[in-house]
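S.K.: Could you put together the complete structure from these sequences and hints?
Here the protein sequences come in this chain order: U and X.
Taking the numbering used here, the leading residue of the first sequence gets 40, the next gets one more, and so forth.
Taking the numbering used here, the leading residue of the second sequence gets 40, the next gets one more, and so forth.
Hints were generated in silico from the structure; no laboratory data involved.
Source: prediction; values computed, not measured.
Incorrect hints may have been included.
[To be verified] Calculated cross-link-like contacts (lysine to any residue; reagent style SDA-like; alpha-carbon spacing at most 20 Å):
# : chain 1 : residue 1 : chain 2 : residue 2
1 : X       : K441      : U       : R154
2 : U       : K259      : X       : K259
3 : U       : K441      : X       : T446
4 : X       : K55       : U       : Y377
5 : U       : K259      : X       : K55
6 : X       : K55       : U       : E399
7 : X       : K55       : U       : D369
8 : U       : K441      : X       : W142
[As the list claims (entries may be wrong)] Chain U regions said to be covered by chain X (calculated; three or more residues, Cβ under 8 Å):
#  : segment
9  : 256-265
10 : 356-367
11 : 392-402
12 : 410-422
[To be verified] Chain U residues, not near chain X, derived (Cβ > 10 Å throughout):
#  : residue
13 : R48
14 : R71
15 : D85
16 : R97
17 : Q99
18 : P215
19 : D279
20 : E312
21 : R336
22 : A345
23 : R451
24 : G454
Beta carbons are placed, not taken as given, at the ideal position from N, Cα and C, and that holds for glycine.
2 protein chains.
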Amino acid sequence: MAATIPTVRQQAENAKRVAGELARQDSATRDRALLAIARMLIDEADLLREANLRDLARAQATGTPLPLLDRLSLAGDRVSEMAKGLRDIVDLPDPLGEVLRGWTRPNGLRIEQIRVPLGLVGFIYESRPNVTIEATGLCLKSGNALLLRGSSAAWESNLALVALVQRGLESVGLSPDLVQGVLTPERYAVDEMLGLTGLLDVVIPRGGAGLIQRVIQLAKVPVIETGVGNCHVYVDASADAAMATDIIVNSKCQRPGVCNATESLLVHSGRAEDWLPAALGRLGEAGIEIRGDERVRQVFPEAVAATEADWETEYLDRILAVRVVDSLDDALAHISRYGTRHSEAIVTSDYASAERFLAEVDAAAVYVNASTRFTDGGEFGFGAEVGISTQKLHARGPMGLKELTTTKYLVRGNGQVR
Amino acid sequence: MAATIPTVRQQAENAKRVAGELARQDSATRDRALLAIARMLIDEADLLREANLRDLARAQATGTPLPLLDRLSLAGDRVSEMAKGLRDIVDLPDPLGEVLRGWTRPNGLRIEQIRVPLGLVGFIYESRPNVTIEATGLCLKSGNALLLRGSSAAWESNLALVALVQRGLESVGLSPDLVQGVLTPERYAVDEMLGLTGLLDVVIPRGGAGLIQRVIQLAKVPVIETGVGNCHVYVDASADAAMATDIIVNSKCQRPGVCNATESLLVHSGRAEDWLPAALGRLGEAGIEIRGDERVRQVFPEAVAATEADWETEYLDRILAVRVVDSLDDALAHISRYGTRHSEAIVTSDYASAERFLAEVDAAAVYVNASTRFTDGGEFGFGAEVGISTQKLHARGPMGLKELTTTKYLVRGNGQVR
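M.R.: In structure tokens, the structure reads:
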């Protein structure tokens with residue numbers, strides 16, 4: 040007789056039931072769990088690689104392109120990197136229990152606002168199976184139970200990873216129910232997760248724009264929107280030429296497929312002749328396709344003619360849209376219209392331009408004279424990140440451990456009434 | 040020819056267009072706007088009362104019960120109270136521009152996290168027209184534009200209030216588009232608001248459980264869930280008798296119709312005989328109907344037999360559910376099962392019980408030896424509140440001006456690249 044697969048709701052209820060248990064553990068116990076899971080990954084690396092090879096074989100058979108196969112693979116040192124990731128999270132300070140503020144009211148009530156876990160966190164993510172371990176590490180460290188739904192491409196790898204996580208939890212006396220992978224393979228399992236109001240305290244989607252939009256449209260539970268970045272670099276009239284070139288080359292080329300890579304370059308008309316052609320030449324040498332407006336093509340004829348769609352597109356590719364603007368005002372208006380409020384940079388040597396850009400651009404991270412590529416938990420010094428929030432509620436920008444917590448008010452009295 | 044009524048989306052677009060203008064104003068200008076609106080309310084009080092009388096006449100004609108008519112009314116000193124509310128908000132500290140944290144990275148990047156407005160806030164609320172002015176005051180003070188949708192019962196009153204707000208804004212040189220009342224009277228206008236992703240940065244519903252649930256089910260935009268409170272007082276074995284009586288009487292009777300009023304009393308079995316009958320007698324004298332379990336009815340036969348539904352219900356009425364429990368564990372289990380994570384109180388003189396209750400109860404506010412009625416922006420010292428959040432993302436508990444803000448990262452460099 041085959042065992043019955045629990046429904047998504049049953050899995051969430053099981054996780055929620057034990058979530059309070061983890062929240063009450065001290066940080067030493069939570070850290071011990073992470074270290075036990077890290078050891079389990081190393082000890083059972085062969086088992087993981089076997090499961091991963093089955094995913095890879097299936098993916099190859101269906102003609103999955105090479106870059107996606109690479110994202111799926113747990114070959115080489117990927118397993119030991121996952122284990123190291125967990126040990127790095129252990130070294131981060133415990134986010135829980137911090138007293139954010141506290142005061143005494145005139146009637147003697149003592150009020151404290153303290154940091155506590157969210158409860159049960161849902162992750163919906165694509166392709167890379169190492170997200171399973173990153174999410175596990177960050178959620179357990181911050182005292183949260185976890186319901187994971189990875190991609191079907193990484194199904195066997197994720198099952199094997201969650202099984203090891205659960206063995207690690209048991210080995211330190213914690214409930215394996217704390218971390219669960221959704222066992223329903225059908226696509227409706229995602230819709231079911233998104234409807235679990237009262238059970239899931241938040242769902243965090245990680246993946247392409249399609250996934251994020253689907254989650255936002257369907258979710259009844261609170262969502263933290265992540266990742267879509269149509270980022271700009273604006274080169275001001277007063278920009279240092281060498282610095283401007285370094286920054287646009289880095290922002291565009293260092294890793295074009297990620298959300299904090301720059302997609303559009305805006306250039307003050309005063310720099311269209313003395314700086315732009317050489318900079319675009321450098322980008323061309325680096326293999327970047329340039330799509331420019333009329334004034335760009337006058338000084339750089341190799342540019343393809345840009346259309347409206349180019350200003351709107353997050354390419355995540357070796358393509359850059361380029362526009363000449365007549366003023367900082369025009370640059371701000373362009374960014375306000377087309378930007379996705381992720382990361383925006385100005386290159387300037389003018390104090391007023393820098394401060395105006397910082398004040399007026401509405402984005403998670405606004406840069407003066409630095410690459411947009413710095414919007415990242417590691418680069419910000421958070422040690423690890425859950426993703427980059429592009430919404431304004433709860434968390435904005437790189438999300439570390441603190442963003443996986445909420446607060447509660449403790450109020451101590453001696454008989455106060457109203 | 041009649042003027043065309045703008046659609047909900049057009050109104051939101053108009054508000055969003057000018058939202059940045061307000062965000063850039065200094066606090067003196069924002070305060071001047073609130074004072075101008077306060078003066079406008081006083082100067083045009085007759086005009087407001089006329090509009091309000093039309094709403095009241097319509098409500099009376101359709102048989103609206105007296106308490107609802109009272110909530111709808113702007114008679115007596117209600118208009119001057121609204122004006123005073125605005126002046127009180129002026130006196131609160133400006134939430135904007137605060138640097139929450141700042142640090143320098145090893146590569147020299149200087150990162151600051153500063154407090155900025157959310158952008159465009161949506162309010163959906165029932166009955167009381169003074170919410171129009173409270174929401175306006177709090178949102179303008181925190182630099183946000185505002186799209187308001189009040190109840191159809193207060194339609195004329197709200198139209199008149201928004202018109203005066205807009206005149207006040209214009210009188211200090213700000214755009215009247217900053218505060219808009221939805222002009223589409225049909226019910227689908229609410230659904231349309233809830234679908235305005237990318238325009239509304241948050242929607243805050245204020246009203247009964249039906250409204251809140253409808254908003255959560257339909258919203259594609261971020262929501263802050265407010266208000267449903269199935270709150271408990273637990274009287275521990277070691278509770279001081281007089282203090283326990285004062286606290287349950289205050290928690291239940293001082294204002295039974297609000298979310299922080301207590302709905303259930305849990306009593307340790309050791310106090311079922313020496314304390315419970317007298318306390319329930321006091322509540323009975325105050326006009327409270329008691330619904331008790333078997334053990335309550337043994338010591339207080341006047342109690343109606345409680346059913347499962349009684350533990351689940353937020354009465355918002357002069358009814359109290361009462362249960363005898365055998366231990367703190369049983370009380371915690373009951374609260375975990377039936378509570379709505381709003382406000383929970385223990386009355387005890389035992390240190391360990393107090394600290395365990397504070398640590399283990401998962402709620403926005405957890406009390407030792409004080410009434411649940413203190414969960415309130417004014418009582419917490421926030422000066423004014425937008426509502427009480429019962430969700431865990433972004434804000435939890437009383438929401439003041441800070442909860443109407445988000446943050447952004449300002450990153451200053453001198454050419455840094457990765």
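S.K.: Each of the hints needs a verdict: does it hold here or not?
M.R.: Here's how the hints hold up against the structure:
{"no.": "1", "hint": "K441/X with R154/U", "verdict": "holds, 17 Å"}
{"no.": "2", "hint": "K259/U with K259/X", "verdict": "holds, 8 Å"}
{"no.": "3", "hint": "K441/U with T446/X", "verdict": "holds, 14 Å"}
{"no.": "4", "hint": "K55/X with Y377/U", "verdict": "holds, 15 Å"}
{"no.": "5", "hint": "K259/U with K55/X", "verdict": "violated, 25 Å"}
{"no.": "6", "hint": "K55/X with E399/U", "verdict": "holds, 14 Å"}
{"no.": "7", "hint": "K55/X with D369/U", "verdict": "holds, 18 Å"}
{"no.": "8", "hint": "K441/U with W142/X", "verdict": "holds, 17 Å"}
{"no.": "9", "hint": "256-265", "verdict": "holds (count 5)"}
{"no.": "10", "hint": "356-367", "verdict": "violated (count 0)"}
{"no.": "11", "hint": "392-402", "verdict": "holds (count 6)"}
{"no.": "12", "hint": "410-422", "verdict": "holds (count 7)"}
{"no.": "13", "hint": "R48", "verdict": "holds, 17 Å"}
{"no.": "14", "hint": "R71", "verdict": "holds, 20 Å"}
{"no.": "15", "hint": "D85", "verdict": "holds, 35 Å"}
{"no.": "16", "hint": "R97", "verdict": "holds, 34 Å"}
{"no.": "17", "hint": "Q99", "verdict": "holds, 33 Å"}
{"no.": "18", "hint": "P215", "verdict": "holds, 21 Å"}
{"no.": "19", "hint": "D279", "verdict": "violated, 7 Å"}
{"no.": "20", "hint": "E312", "verdict": "holds, 23 Å"}
{"no.": "21", "hint": "R336", "verdict": "holds, 27 Å"}
{"no.": "22", "hint": "A345", "verdict": "holds, 23 Å"}
{"no.": "23", "hint": "R451", "verdict": "violated, 5 Å"}
{"no.": "24", "hint": "G454", "verdict": "violated, 4 Å"}
Of the numbered hints stated above, those contradicted by the structure are hints 5, 10, 19, 23, 24, listed in ascending order.
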